[in-house]
Amino acid sequence: MIRTVGLHKAFGPKTVLAGVDLAVGQGESLCVIGQSGTGKSILLKCILGLVAPDGGQVFWQDRPLDAATRPDFFRRFGMLFQGGALFDSLTVWQNVGFRLRQRMPDARARALAIEKLARVGLGPETADLMPAELSGGMAKRVGLARAIADDPEVIFFDEPTTGLDPIRARRINDLIRGIVTETGATAITITHDMDSVRAIGDRVALLQDGHIAWDGPVAGMDRAAPLAGFLGRS
Amino acid sequence: MTPIRLVGRIVLRIIGAVGAVTLFVGRGLFRLHPFHGRALAGQLVQIGWLSLPVVGLTALFTGAALALQIHSGGARFQASDVVPAIVAIGMVRELGPVLGGLMVAARVASSIAAEIGTMKVTEQIDALVTLSTDPMRWLVTPRLWAAVLTVPVLVAAGDIIGIMGGWLVGTRSLGFGSAAYLANSAAYLESWDVLSGLIKGAAFGLIVAASGCWWGMRSGRGAEGVGRATKSAVVAAAVGILAANFVLTGLFFE
Ligand SMILES: Nc1ncnc2c1ncn2[C@@H]1O[C@H](COP(=O)(O)OP(=O)(O)OP(=O)(O)O)[C@@H](O)[C@H]1O
Ligand SMILES: [Mg+2]
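Going down the list, the protein sequences come from chains S and X. Everything in the first sequence is counted per my numbering, starting at 69 for the first residue and increasing by one. Everything in the second sequence is counted per my numbering, starting at 92 for the first residue and increasing by one.
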């Protein structure tokens, strides 16, 4: 469904992506792991065109994902950014209902937004807070609610559980798994958390030195030598 | 590198930059669909209404000081009775728009650049794009129009307050009668004096908002990047206002 071919990105002399080939099928949940600073977030941004790649191509449903096809893609897309990326000038519910407000009255968008907040474990009392009043973990969950608010077909999660306590992290993993299986959405999740990978991934890919160093089913990752470091048996 | 090459490269750079900024402003001003009315309303308050105290105080003190200056300077050639007319013309044609514009530059260019720059470094601009919202239309267009529409109003308010500043000084300490002062202020003022100042105000508003948005959108990474963007925006806006003032004054009055 989404496929990258030879994605390349360098910042000055520093090559971050050196030819990344990655594919994720319809309804599949792919986890991308890799050390901090290897370019996982940049990979997502290159796929989305938020950062212009120096080389390579991205395909969506076998068509190039470019300026012409991106508006259509974004309408079916949701993303949780690594830092939440909530709009400071809008309240929590206005953030969550950002897309909904473009096509329905505020009262309905607000009701739906509160529903989505409940799914990520936040009560209706958070709806009227400003992002600056939230803790880091809360902001992350609001970002998650915003990503799933309009029932997207494709979802990217950039480190959904980083900065959450283990109990919340497990709940978020369950939530993501639930969304992906219920709606049949296609998901790419970046994570450092192997429990997350086990909980939500069908497949896992390791990004290392600008390449995909290993790519296979989650069930097989315990026997994969390149993943040893991540699994804590170095 | 030979000097000619260096000059050529610098000239090309400048032409490129001017082209890029022009394109940016053109897009920001004229790509109006979909139009974000709520965002415009917020910016009208932020840029216009909340700048009124600063611009008003600036005008008040400037008008008052101008009256004192012209009174003492004019005494050298027995012209101190034209104080009201010269204060009015000076405020309306030059000092109202320029000082008002500079104060708005300090207040607004910096805050626009800091706000948009922060949005850039915290991925909020990226988030807008993924939510099918064009950052130009959502962030830049409302700010440009709000500044173009409100700065002339601020200038008009500044003109009146500045003349009143002169009137205060004139009647309290220079011995003018209240009615005579006001009559003399109005007597020599032509409508083009006022109108030209308001047009300058619109141009300065555009310069302020455009440099805030431009530098904010180009902010580098981290707090340092935002700080640098803010500084550049204020400097560019202030220099831009003074340069544009020279050009416009030449166009209007030569
Ligand atoms: N705009 C930029 N300019 C220069 N270098 C950049 C830029 N954006 C990212 N980088 C560099 O690219 C590399 C990859 O960044 P990226 O954010 O993708 O890392 P990551 O794999 O997501 O790490 P983490 O797990 O810590 O989030 C980093 O070394 C970073 O310094
Ligand atoms: Mg990252």
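Treat each hint with caution, since some may be false.
[Claimed, not checked] Coverage of chain S stretches by chain X, computed from C-beta distances (three or more under 8 Å per stretch; other residues unrestricted): (1) 76–83; (2) 113–119; (3) 180–187.
[To be verified] What follows is a set of in silico ranges between Cβ atoms, one per label pair, in the way DEER data are often shown: (4) S:LYS82 / X:GLY110: 28 to 34 Å; (5) X:GLY128 / S:GLY124: 49 to 55 Å; (6) X:ASP225 / S:GLY246: 29 to 35 Å; (7) S:ALA86 / X:LEU120: 40 to 46 Å; (8) S:ASP156 / X:ASP225: 17 to 23 Å.
Simulated from the structure, these hints should not be mistaken for laboratory data. We put the CB at the ideal spot given by N, CA and C, even for glycine.
So, going through the hints one by one against the coordinates:
Counting residues of the stretch 76–83 of chain S whose beta carbon lies closer than 8 Å to any beta carbon of chain X gives 0, which falls short of the minimum of three for the stated coverage. Proximity of the stretch 113–119 of chain S to chain X, defined as three or more residues with a beta carbon under 8 Å from a beta carbon of that chain, is established by the 3 residues found. Counting residues of the stretch 180–187 of chain S whose CB falls under 8 Å from any CB of chain X gives 0; the rule of at least 3 is not met. Between LYS82 (chain S) and GLY110 (chain X) the CB atoms are about 30 Å apart, so this pair conforms to the stated range of 28 to 34 Å.
Separated by about 40 Å at the C-beta atoms, GLY128 (chain X) and GLY124 (chain S) break the suggested range of 49 to 55 Å. A C-beta distance of roughly 33 Å is found between ASP225 (chain X) and GLY246 (chain S), which places it inside the suggested range of 29 to 35 Å. Checked against the hint of 40 to 46 Å, the C-beta distance between ALA86 (chain S) and LEU120 (chain X) comes to roughly 41 Å, which is consistent with it. Between ASP156 (chain S) and ASP225 (chain X) the beta carbon distance is about 19 Å. The supplied range of 17 to 23 Å therefore holds.
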